[in-house]
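Protein chains: 2
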Amino acid sequence: MDEEKMSENLKTILSTKSTSVEICREGPTVMIGERINPTGRKKVLAALQEGDFEMVRQDAARQVEAGATVLDVNAGVPGADEPALLSQVMREVMSVVDVPICIDTANPEALETALKLYDGKALVNSVNGEEKSLATVLPLVKEYGAAVVGLCMDDDGIPATPELRLKVAAKIIARAAAIGIPREDVVVDPLAMTLGAEHTAGLTTLKTIELVVAEFGVNITMGASNISFGLPDRKYLNAAFIAIAIHAGLTCPITNPLVPEINTAVLASDLSLGRDEYGMRWIKSYRKRRKAQTK
Amino acid sequence: MDEEKMSENLKTILSTKSTSVEICREGPTVMIGERINPTGRKKVLAALQEGDFEMVRQDAARQVEAGATVLDVNAGVPGADEPALLSQVMREVMSVVDVPICIDTANPEALETALKLYDGKALVNSVNGEEKSLATVLPLVKEYGAAVVGLCMDDDGIPATPELRLKVAAKIIARAAAIGIPREDVVVDPLAMTLGAEHTAGLTTLKTIELVVAEFGVNITMGASNISFGLPDRKYLNAAFIAIAIHAGLTCPITNPLVPEINTAVLASDLSLGRDEYGMRWIKSYRKRRKAQTK
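These protein sequence lines map, in sequence, to chains A and B. 1216 is the number that the numbering used here gives to position 133 of the first sequence; each next residue is one higher, with no gaps. 1369 is the number that the numbering used here gives to position 286 of the second sequence; each next residue is one higher, with no gaps.
In short, the hints are calculated from the structure, not lab data. Model, not experiment: these values are computed from the prediction. Treat the hints with caution; some may be incorrect.
If several chains are the same, the list does not tell them apart, and a pair holds so long as it fits within one copy or across any two.
As the list claims (entries may be wrong) - Below, in silico cross-link-like pairs of lysine to aspartate or glutamate (EDC-like), each with a Cα-Cα straight-line distance of 16 Å or less:
1. Lys-1199 with Glu-1360
2. Lys-1318 with Asp-1202
3. Lys-1318 with Glu-1137
4. Lys-1371 with Asp-1316
5. Lys-1215 with Asp-1239
6. Lys-1215 with Glu-1192
7. Lys-1367 with Asp-1238
8. Lys-1367 with Asp-1316
9. Lys-1254 with Glu-1360
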């Protein structure tokens, strides 16, 4: 990648009341823990439906222990009062860990309630290029001084080419700027679709990252594990894809830090790319893995 | 990377008497099996010293079964008659598998004997930018119609920067061309040094790959596992580094296909980069891994 453009990379700062996390291309890749989400997790879903938050607290603590420095919080339980439930889950998370939260909801009321409750600078997950989404989400992001994930899709769905996804990113960045949200507070998600359906899906995602980074220098997030949906040996596939995506420009994947292959892929990518001085983080993480194994 | 330049990527064709292997950036990454090498492998060394080639035959068969499509053959046993031993080891390898050989020797006499013996187009490992090496190796490569690995080092040692390594690659490519070796038959090795000594070593290697590919479009090889020498959890580090290097332009790593993390990293990188149509190779390799596990 071009040196001059690389030096223009923007920093996104998220915070809690007492600490902050900087997302940037020069520093360590920020793992946003994905586990606090009932989607596809029957046990979590059942626990939330019963008002049992022990699992949420455990997921929060374990992910942070494993290296997540931001936690995604999703409380999308069918039929539940999402504003109330999301707020409750956030309180549970904040009671055990002190890391910024990525508020993951498609419900505007739940989003506003969560933003009101949160003391710090959160990451809102997400806005997209649809007119309705832009009109609803961006004003809340602005009002509460948050950062926001911008998904590369719009009223016409998910564009097939990197060039068209770049256009959606450009639209979101422009609309955010128009109401005073600085570019560094838009974190673009290029969208990762499964390789099982289309074997060039990974390449499309990677090229979108490269185009968006070259054009705007913004941070990039992604639910990287989508790429392997329906394929065997997902952990190996996810590990290689996340390493390549970090090389392409991914800075804050939404992922599961409890999977050793994923966790080490992120740390090894940072070391491979000269972002882990003296390999200190690599060696520290190795000691932690060994300790966990001998427990 | 630039689309126009990518389309200029060159193809290196290696062959045996009856089959051939094409190395190129659009196709599958070619794994050059590294195991037939007594360096650092005491058992192999002892066996070769005793004239026992059973291990060589096993290493050949197992690496090809695991997906290597070229085999590196090194017979550097201290005190041995290398021309005779290398030829013998090559004959043993050729008796069990039908894949092109990468002749790995620093001994010009052993190299010539091996080239004379070999029926097909071999890969010579290696020439470098030293005057003595260029003068000795390139004429043999030309005479026997082989391809050659060009190491990015010269009389002054291993250059510290990607730009200086590119210069060495340019020198080797020019000197090869001057005696009629086409550019596509020079496979450049950017050199991977351990991250344990210098945490930017990986970045230097990756940038060298990008520069050499952009400038010359040649194929790239590398002993990728050097990167992790002296560090813990090498397999994870090697897996991420090889994935990133493939994204940067590596096309034929010299590696150990028997390590599942490495093998899957190579295959997953191809799939992630759209080089594995319908994911057929990924699924096939998965079935092979499962079968091996249940044996």
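Verification of the hints:
1. Taking the shortest alpha-carbon separations for Lys-1199 and Glu-1360, neither the intra-copy value of 38 Å nor the inter-copy value of 48 Å comes in at or below 16 Å.
2. Taking the closest pair of Cα atoms, Lys-1318 and Asp-1202 never come within 16 Å of each other, the shortest separation being 35 Å inside a single copy and 42 Å across copies.
3. Taking the shortest alpha-carbon separations for Lys-1318 and Glu-1137, neither the intra-copy value of 27 Å nor the inter-copy value of 35 Å comes in at or below 16 Å.
4. Proximity of Lys-1371 and Asp-1316 under a CA criterion of 16 Å is satisfied inter-copy only: 12 Å between copies versus 25 Å inside one chain copy.
5. Only within a single protomer do Lys-1215 and Asp-1239 lie at most 16 Å apart by alpha-carbon distance; the minimum there is 13 Å, versus 63 Å between protomers.
6. For a Cα distance limit of 16 Å, the shortest separation of Lys-1215 from Glu-1192 inside one copy, 14 Å, qualifies, whereas the shortest one across copies, 74 Å, does not.
7. Taking identical chains as interchangeable, the C-alpha atoms of Lys-1367 and Asp-1238 are never at most 16 Å apart, the minima being 46 Å within one chain and 38 Å between chains.
8. Taking the closest pair of Cα atoms, Lys-1367 and Asp-1316 come within 16 Å of each other only across two copies (12 Å); inside a single copy the shortest separation is 27 Å, beyond that limit.
9. Taking identical chains as interchangeable, the C-alpha atoms of Lys-1254 and Glu-1360 are never at most 16 Å apart, the minima being 37 Å within one chain and 33 Å between chains.
Against the hints set out earlier in the document, violations occur for numbers 1, 2, 3, 7, 9.
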